[in-house]
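A.B. asks: Given the coordinates of chain A, work out where chain B should sit on it, guided by the hints.
Residue numbers (the numbering used here), protein chains in the order written: chain A, 208 to 609; chain B, 208 to 609.
Certain hints may be false.
The calculated DSS-like cross-link candidates involving lysine-lysine, where the alpha carbons are at most 30 Å apart (straight line), are [as the list claims (entries may be wrong)]:
no.: 1; chain 1: B; residue 1: 299; chain 2: B; residue 2: 280
no.: 2; chain 1: B; residue 1: 280; chain 2: A; residue 2: 253
no.: 3; chain 1: A; residue 1: 494; chain 2: B; residue 2: 280
no.: 4; chain 1: B; residue 1: 299; chain 2: B; residue 2: 402
no.: 5; chain 1: B; residue 1: 449; chain 2: B; residue 2: 468
no.: 6; chain 1: A; residue 1: 280; chain 2: B; residue 2: 494
no.: 7; chain 1: B; residue 1: 253; chain 2: A; residue 2: 280
Keep in mind the hints are simulated off the structure, nothing from the lab.
One-letter residues, chain by chain:
2 protein chains.
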Amino acid sequence: MPKHDTIIEDILLPDGNIGHIAVGAGHIVSIGTETSPQADGSKRIKGGGALALPGLIDGHVHLDKTFIGDGWKSHRACTAGFDVRERVEFEKEALATAAPGENRASALVEQVVAHGTTHLRCHVDIDPEAGLKNLDLVLNIRDRYRDAIDIQIVAFPQSGIVTAPGTAELLDSAMRNGADLVGGLDPVGFDRDMKGHLDIIFDLAERHGAGIDIHLHDPDTLGLTELEEIATRTLVLGMQGKVAVSHAYSLGEVPEAAARKTADVLARSNVSIMTNAPGNRPFPPVKMLHEAGVTVFTGNDNIRDSWWPYGEGDMFERVMIIGYRSGFLTDEDLCLAFDLATRNAAQVLGLGINGLEVGAPADFVLVNARGVPEAVVARPEGRKVFKRGRQVASDGRYLGTG
Amino acid sequence: MPKHDTIIEDILLPDGNIGHIAVGAGHIVSIGTETSPQADGSKRIKGGGALALPGLIDGHVHLDKTFIGDGWKSHRACTAGFDVRERVEFEKEALATAAPGENRASALVEQVVAHGTTHLRCHVDIDPEAGLKNLDLVLNIRDRYRDAIDIQIVAFPQSGIVTAPGTAELLDSAMRNGADLVGGLDPVGFDRDMKGHLDIIFDLAERHGAGIDIHLHDPDTLGLTELEEIATRTLVLGMQGKVAVSHAYSLGEVPEAAARKTADVLARSNVSIMTNAPGNRPFPPVKMLHEAGVTVFTGNDNIRDSWWPYGEGDMFERVMIIGYRSGFLTDEDLCLAFDLATRNAAQVLGLGINGLEVGAPADFVLVNARGVPEAVVARPEGRKVFKRGRQVASDGRYLGTG
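One chain only, chain A, in its complex shape (with noise of 0.2 Å):
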């Protein structure tokens, strides 16, 4: 057995034992009911029975639009209807007068680890107007706090590509500088050319040999027949598995019958769904598209911003409201609403983790509830967060990685 380092005693494993894990560099290096192994002048911590789940993913965040660590800000409602243009200029107006981006980033990500997450996906605005500012401050974010959580970096064309000229070349730039893949924004919705939106996004991402991950918020047949264009072109650019769309309320929006064969299309390509069950519009049928083999997954998306006021990046919540939005009621399906947030998420992130196993980072999370179901619908407080190893959060707590 490797050599450990830490030792966390008297914990609830996910099979329902009683028992350790042992952690050496990071890493888990042994995980069960047998006596925990020697203590060598390692570390012990004891665990009080508490259930040990894998660290959660939001697998969509925006860090350099939040308003927490800031005051308050009330939200503006759209003038007619939910227009992106529209917020999107509402947010430049709120975003001036806001607290530093340096600080408000910071303080959500110290709130999200503290609630439980170790990874994040953060989709990073790059447009004319902000150049590379806040790819920037999400870098600089990113190294300050590489040993309480790994956030990877999308860079997102907020203000569209083919109607906001330079966008491309900054893209390209962004990727050049640290940010790991090439977002989009309704092709059509957005740019009114899907055909010349979806080129430079692809061809980005195989120049870069990196991912993809597309905002889409278009409509019914509208937004499935984009998502079929997305899943085609990653079948023939032989992208599967690196491709996802974020939101694709369309999948919502039709009968199921025609959300079931966009489905199929795209199970055959890989490309992923990331949903954060809105509150007041439909949103993708998670169990249909999980059945069909579509790998689903989940993130807090916004958190108190400019496009709405609700959210403190807690992934339980998330995990929680994916479940209650869907239906779910069964323990199996509880389950499934976890894995969104750490399962599934783990794949689309390409972390090659599957939860807690002997190998995997020592990302993991102490909480008091008796198993994956009661976790998902209690949201116990009282967590306690580790980091490869090294507790970084306790009882809703940041504890720095000093």
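C.D. replies: Chain B alone, transformed into the frame defined by chain A:
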């Protein structure tokens, strides 16, 4: 100024100023920004700048059904879509092997108080099999926790009335034995007899001088017809303001114009509507009803029981879900969501109170927020709960009233 025995200082008042609340004999005797009244040996509590909010009101709860305070109970799925009769059967089976009702109900009461609820309306199952067993249970609980929370009891015919012979007589006994309101259940969908069902409950209410609160899951046009019949009877019998309908899903299932017509009828009869904003089915349009003059209130309804596994008895969570599901984003709308669990619920429960003001019972919660909108979206931890001026909970823990 009347004599006070406790002063809570350094709190953020609803008007946005920092001030105090002075309590005497369980009531607010002074509230404002002027210097705190002379102490006279009274108890002084520092609020630390926390926001003072009226105690929350859970307008619909089932203390006799919960599994809180018991082991984790896996949910059993409906065999073919949601069916009230099937649920009732499953519930009986599940409760037969559950922990004693006294333990579960008291665990739940302590939990709801810990979250900041100071009043609740509890529906108690009355049927030929259970008789008045559940009523006796909740009467005991009400007495035991009378210094921590006010409990209003609805005699609820969970197994029907017309189709469950003997129930009408049991409801009558329940009203004599301490129940406050007469309940009902889907006159057509369950009992297949709108006139028969409503004749019985309106007669009982009249004879006992009591109000009515009817569970109505019946869908679309059927549900609207029942709502209009209930409203008409309310008007004819002069029972305006004393009749509530819980759920009334139908109002969210029909075109808005149809719902608006029924809303006008409800407003004229002052029949109020309770919704808990369920996760995956349409529910009453809160804002439209509010604008039409209908009093809308909210409650947690089922809390981890045979009907669904969600909920932890936190009305702050419920208010967030009301807003989230209703698409409420502006401060005004978030305050409306909050009103459903405070001002509106107080009106429906006939409490004769309207927020924090001199003369009102000193039932309030201190939370870390800068205003109601933030309290709604953030549901801050670390609440302090006061019932008639005495602190009954702190940081999520029930303190008792001893």
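A.B. asks: Compare the structure with each hint and give your call.
C.D. replies: Each hint, compared with the structure:
no. : hint          : result
1   : B:299 x B:280 : holds, 13 Å
2   : B:280 x A:253 : holds, 27 Å
3   : A:494 x B:280 : holds, 22 Å
4   : B:299 x B:402 : holds, 28 Å
5   : B:449 x B:468 : holds, 21 Å
6   : A:280 x B:494 : holds, 22 Å
7   : B:253 x A:280 : holds, 27 Å
In this structure, every one of the numbered hints holds.
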